[in-house]
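*Asks:* I would like the entire structure built from these sequences, with the hints used as guidance.
Protein sequence lines correspond, in order, to chains A and B.
Per the numbering used here, the first sequence runs over residues 1 to 113.
Per the numbering used here, the second sequence runs over residues 114 to 224.
With a cut-off of at most 30 Å between alpha-carbon atoms, the simulated DSS-like pairs for lysine-lysine come out as follows:
id, chain 1, residue 1, chain 2, residue 2
1, A, Lys13, A, Lys57
2, A, Lys13, B, Lys216
3, B, Lys181, A, Lys57
4, B, Lys219, A, Lys57
5, B, Lys216, A, Lys57
6, B, Lys170, B, Lys194
7, B, Lys219, B, Lys170
Per label pair, the in silico range of CB-to-CB distance:
id, chain 1, residue 1, chain 2, residue 2, range
8, A, Gly62, B, Gln132, 39 to 45 Å
9, A, Tyr10, B, Phe158, 23 to 29 Å
10, A, Glu82, B, Glu169, 44 to 50 Å
11, B, Gly141, A, Leu83, 31 to 37 Å
12, B, Gly171, A, Gly3, 20 to 26 Å
13, A, Gln17, B, Gln132, 42 to 48 Å
14, A, Arg73, B, Gly171, 33 to 39 Å
15, B, Gly171, A, Arg30, 27 to 33 Å
16, A, Arg63, B, Thr157, 28 to 34 Å
17, B, Phe158, A, Gly62, 27 to 33 Å
18, B, Glu190, A, Gly84, 38 to 44 Å
19, B, Gly141, A, Arg30, 19 to 25 Å
20, B, Thr157, A, Phe60, 21 to 27 Å
21, A, Arg9, B, Phe158, 19 to 25 Å
Since the hints were made in silico from the structure, they are not lab data.
Using N, Cα and C, we set each Cβ at its ideal position, and we do this for glycine too.
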Amino acid sequence: KAGVTQTPRYLIKTRGQQVTLSCSPISGHRSVSWYQQTPGQGLQFLFEYFSETQRNKGNFPGRFSGRQFSNSRSEMNVSTLELGDSALYLCASSTDFSGNEQFFGPGTRLTVL
Amino acid sequence: GQNIDQPTEMTATEGAIVQINCTYQTSGFNGLFWYQQHAGEAPTFLSYNVLDGLEEKGRFSSFLSRSKGYSYLLLKELQMKDSASYLCAAHSGAGSYQLTFGKGTKLSVIP
Numbered sequence: 001k002a003g004v005t006q007t008p009r010y011l012i013k014t015r016g017q018q019v020t021l022s023c024s025p026i027s028g029h030r031s032v033s034w035y036q037q038t039p040g041q042g043l044q045f046l047f048e049y050f051s052e053t054q055r056n057k058g059n060f061p062g063r064f065s066g067r068q069f070s071n072s073r074s075e076m077n078v079s080t081l082e083l084g085d086s087a088l089y090l091c092a093s094s095t096d097f098s099g100n101e102q103f104f105g106p107g108t109r110l111t112v113l
Numbered sequence: 114g115q116n117i118d119q120p121t122e123m124t125a126t127e128g129a130i131v132q133i134n135c136t137y138q139t140s141g142f143n144g145l146f147w148y149q150q151h152a153g154e155a156p157t158f159l160s161y162n163v164l165d166g167l168e169e170k171g172r173f174s175s176f177l178s179r180s181k182g183y184s185y186l187l188l189k190e191l192q193m194k195d196s197a198s199y200l201c202a203a204h205s206g207a208g209s210y211q212l213t214f215g216k217g218t219k220l221s222v223i224p
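*Replies:* Here it is in structure tokens:
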């Protein structure tokens with residue numbers, strides 16, 4: 001069974017640009033969550049999608065958005081990039097919201113110059 | 114608000130036992146996760162506690178006290194490969210999957 005995949009793995013952008021990251025969950029998983037990980041703040045919840053609907057959103061500005069497609073694949077978008085957006089962006093998938101294990105992807109390392 | 118506290122770093126000797134504590138204050142608490150993250154890799158699931166008490170899984174055990182907002186991860190017979198960051202995360206939010214993570218405890222296992 002293939003794991004969670006994320007593309008691209010590495011990305012370099014400049015301030016003011018926008019970026020789209022992609023996540024393909026494990027087959028059969030309908031819940032996809034996104035997290036931002038930085039050395040100073042640790043892992044912070046961005047949002048969670050289930051069956052194409054955003055069920056929950058963390059405390060991030062509106063520049064961060066996402067969506068989920070009918071095949072459960074998900075994308076997140078960051079507009080008007082800032083230096084502080086440099087981070088590892090992780091997505092995780094799960095079968096449901098009952099507390100089952102979340103499987104994390106390898107992440108996308110975003111560097112904003 | 115949501116708040117998860119755990120020690121920043123710990124050092125332990127190969128073959129020993131180490132306990133990593135985690136205290137939490139969250140609304141709508143459902144359960145407590147522990148994840149292991151090696152440097153440069155994604156977090157991997159270790160345990161999920163919903164009820165009070167100790168759950169043992171091989172060399173790793175996890176404990177939860179809901180009334181005290183407290184959990185710990187116990188690692189026995191430490192091996193060098195256990196050197197990693199250990200993240201505790203509170204699962205909250207009815208009907209959704211929202212995890213609030215602590216900043217992680219970096220464990221170094223020395224010979």
